[in-house]
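Peer 1: Here is how the chains run, residue by residue.
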Amino acid sequence: MAKYTEDDLKVELESKEYEYGFYTELDSETFPVGLNEDIVRAISKKKEEPQWMTDWRIESFRAWQEMVEPTWANVNYEKPDFQAISYYSAPKDVDPNKTLDDVDPELLAMYKKLGISLDEQKKMNNIAMDIVVDSVSVATTFKKTLNEKGIIFCSISEAIKEHPELVKQYLGTVVPQKDNFYAALNSAVFSDGSFCYIPKGVHCPMELSTYFRINQAGTGQFERTLLIADEGSYVSYLEGCTAPSRDENQLHAAVVELIALDGAEIKYSTVQNWYPGNKEGKGGVFNFVTKRGLCEKGAKISWTQVETGSAVTWKYPSCILKGDNSVGEFYSIAVTNNFQQADTGTKMVHLGKNTKSTIISKGISAGKSQNSYRGLVQIGTRAENARNFSQCDSLLMGNNCGAHTFPYIESKNSTAIIEHEATTSKIGEDQVFYCNQRGIPTEKAIALIVNGFSKDVLNKLPMEFAVEAQKLLEISLEGSVG
Amino acid sequence: MLEINNLHASVEDKGILKGINLKVNAGEVHAIMGPNGAGKSTLASIIAGNENYEVSEGEILLEGEDISELAPEERAHKGVFLSFQYPVEIPGVSVTNFMKTAINESRKANGKEEMPANEMLKLIREKSELLEIDRKFLSRSLNEGFSGGEKKRNEIFQMAMLEPKLAILDETDSGLDIDALRIVANGVNKLKSQDNAVVVITHYQRLLDYIVPDFVHVLMDGKIVKSGTKELAYELEEKGYDWIKAEMV
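From first to last, the protein sequence lines stand for chains Y and D. Just so we're aligned: 435 in our numbering is position 451 of the first sequence, and the numbers increase by one with no gaps anywhere. Just so we're aligned: 323 in our numbering is position 155 of the second sequence, and the numbers increase by one with no gaps anywhere.
What the hints contain is simulated information worked out from the structure, not anything from laboratory work. Backbone N, C-alpha and C fix where the C-beta goes; we use that ideal spot for every residue, glycine too. A portion of the hints provided could be inaccurate.
[What the hints assert, rightly or not] Here are a few chain Y residues that face chain D, going by a calculated C-beta distance under 7 angstroms:
1) V59
2) F417
3) Q421
4) R422
5) G423
6) F437
Using the sequences provided together with the hints, build the complete structure.
Peer 2: In structure tokens:
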């Protein structure tokens, strides 16, 4: 990877538009709009799924029909018309047994634009990657190397066919079909996503990564990720997302389930950069995501997220600390600018003894945006000596944005120790002037201050991602002060 | 080096500077003294380019060039440095990282390459020794949790790193104990040369025992009402400011 210099950053900062806003002309097969049981069956058929999977989807769909959209989040938006969305769109000619050489050249050109050079990835970076465009997984790299260790890393569709026993055993165990409105919808119509299994005692030798892209207009993206770390194993997983700039809102409702068996460790990092809408608040992705992990004895799950995109975000990566001595962590930076709205946070559910959780949330609001942290720390009756530390810091830029914190604590065990710290600060004119006086121009000064503010979380990201994330923060806050 | 002619400035329509004239040549040290609220800090801020003040009249020349319309960072690139009376905190940004950014921004603006890392390290080592600063201090967040003395010492460390042409020290002595005062003054003296100039703003004569001024000016009610040599500072220390007021009437 070439060294990223400050000049590169400057060039990027000057191109003020959302840089992933292009649309690629791909020959796609897209289902008619609307949702009913026939569509659900058609998706399942298209994916050549076994009967149990079709039944599972139908069951979810029926549950979803009985449910209503949640309204408790601190966001305002026009509800999506679920009958106006197409639930399946796939670039044509995607052969599940493809190698990279067979992939549509247009697709490859698109990856290049996204900054993902698969060839380079193959050779240089120690990252195995699965790429999901619209509804289907189009390429998974490094399969062979991973196979040698017994690691399974493939699209979820493939997993349903090739490893039904694992999918059957774990799918929906952490996020049940009826968990919430969007999880139910996802369970009915999910079209693809990534699947990963790390065998007992295996330390995954490379970062696993999924890149999500919404390309087609009028489609929703409903990916499903299932990650199982068997006893004593370790994996670090990265997830990135982009979408074209469009005037209408696009719906993204994903479900991610993590299972960390005894003594396993999962690090899950996300850089979410869906199209945020334009400066007037038109368009942008609705990002309604359910992410949850289950920790068995002595297991650890660590969520790190950098959220800069989407018009509306509704997302709470959570940990269920079921096993004794298990550990949950949540590190988050959420940036909102212009008219973006984010309601994000985590749930730490302490069930086992001596369970520990840490929450570090950094919210940065600019423009006319609203940024909320919502978190729940729950200590069960059996959770002796549970510990939680939460820190929620908000940084405001300008006078028209909002930062909100909604921490919930429920403790049913008197031995629990729960700490919560929160701060709200504003980037002061005096801070900017101080930097200016030392020769640092305002844009750079803000980048410096924001990076300083976010440092605790940026440090948790894998190196490759940290640079990208830092860049994203700066671009997202373009022109928000002064 | 610095020439200020008939400078008038106000904040929210309240006149603060009412016709300042000041000439500082290269190689000179000037002290500006005066009672609280006379406009000393305002003058420092305005020279540095703080946009909260409205300059209604007059000019500020740096080496003959009018800088009064320039942005604060542009003035910094030309060699203006202000040691703040109240340095701000920037959490999460280390002193080293901050200095690196500042130096490279100035170099960039002056058409120079970034400073190579080894050179930067050498410079940091050299200057931190000059100000007797512990290296651990440099990895701490800028001014966060610093004592008053540490903040001031850090300001002079930054001055040493940036090697300005014109350094304005705004109440650098406040909050310093006698040992720290000596270290800071010693640092300033070592940085002094025939090519740069220092303007010291202070309440007390104490600092001037260590940084000996060539000229002392008294600023009262937005004007320089009296100028002299360092003896003037002793006189002020002894008699206060009232006698000057009386003299003015």
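Peer 1: Closer than 7 angstroms between Cβ atoms is the bar; does F417 (chain Y) clear it against chain D? Give me holds or violated.
Peer 2: holds (6 angstroms)
Peer 1: With chain D as the partner, please determine if R422 (chain Y) meets the hint condition of a C-beta pair closer than 7 angstroms.
Peer 2: Result: holds, 4 angstroms to nearest chain D Cβ.
Peer 1: Can we keep the G423 (chain Y) interface hint, with Cβ of chain D closer than 7 angstroms?
Peer 2: Because about 4 angstroms separates G423 (chain Y) from the closest Cβ in chain D, which is inside the 7 angstroms limit, the hint holds.
Peer 1: Let me know if the C-beta of Q421 (chain Y) comes in closer than 7 angstroms to any C-beta of chain D, holds or violated.
Peer 2: Holds - the Cβ of Q421 (chain Y) comes within 7 angstroms of chain D, reaching about 5 angstroms at its closest.
Peer 1: Let's test the interface hint: is any C-beta of chain D closer than 7 angstroms to that of F437 (chain Y)?
Peer 2: Nearest chain D Cβ about 6 angstroms off; hint holds.
Peer 1: Going by Cβ atoms only, is V59 (chain Y) closer than 7 angstroms to chain D?
Peer 2: With a minimum Cβ separation of about 28 angstroms from chain D (threshold 7 angstroms), the hint on V59 (chain Y) is violated.
In summary, the one numbered hint that this structure violates is 1.
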